[in-house]
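Work out the full structure: start from the sequences and follow the hints.
Residue numbers (the numbering used here): 1 to 187.
Bear in mind the hints are in silico, worked out from the structure with no lab data behind them. Be careful, since some hints might not be right.
[What the hints assert, rightly or not] Each pair of labels, with its calculated beta carbon distance range:
#, residue 1, residue 2, range
1, Gln1, Ala74, 16 to 22 Å
2, Val181, Glu121, 41 to 47 Å
3, Asp112, Leu53, 35 to 41 Å
4, Ser88, Pro117, 39 to 45 Å
5, Arg103, Leu186, 45 to 51 Å
6, Thr44, Arg82, 44 to 50 Å
7, Thr65, Ser8, 15 to 21 Å
8, Asp94, Lys67, 18 to 24 Å
9, Pro117, Lys67, 56 to 62 Å
10, Thr4, Asp71, 20 to 26 Å
Idealized CB from N, CA, C, for every residue including glycine.
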Amino acid sequence: QTGTAQASAGDYLYWVFPADTGRRPTVKATVKFPEGEAKRSASTWQIDVYDGLRRRQACQYGHQTRKAGADASAVELSCVLRTVRSWSEPWANDPLPGSYYVRLTVVNLPADDLGLPFEAEVRADSVDKGGAHHVDGALAEPLVPGISVTGTSGTSQARAAAEPEDGWASGWWTTRWLWTVGGGVLA
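Below is the structure:
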């Protein structure tokens with residue numbers, strides 16, 4: 001999924017994307033500065049990713065925060081999250097299936113440069129990591145907005161818009177079963 005926006009330095013920009021069990025999301029952002037604008041100072045940009053419970057998710061690797069020089073025309077950021085799990089211990093901060101929120105903002109900028117325009121493009125991809133990352137257990141429902149709302153007025157449309165194209169795969173069948181049976185046969 002890709003999202004674009006035009007904004008002013010100092011604004012917080014948010015995007016949302018779905019992530020399902022067994023997938024490893026990668027968020028990439030590109031901030032472009034218009035040519036011919038007034039002289040800019042160096043700035044530091046950052047992307048943060050939050051899960052459906054509004055818990056900040058740590059990047060496993062990538063360039064979550066980057067500095068753009070005064071003469072830079074663009075800055076690229078990336079964040080590779082941990083593999084989404086089907087369940088989590090109450091004390092853990094494991095990524096769970098549901099909606100994820102991306103926040104893009106400048107974190108270090110002189111006051112004179114606040115309000116200068118920029119363009120942003122954010123792309124969220126996810127890769128299926130397979131059986132080694134599957135765990136037993138499941139959530140009753142993915143963590144998406146409106147999941148706890150009762151009634152029929154538009155909730156099914158909102159829930160359908162928030163789920164991945166191929167639906168939620170938090171079922172009981174995973175490739176872990178194949179490895180378990182194969183290991184049992186070899187033993």
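Which numbered hints fail: 6, 8, 9
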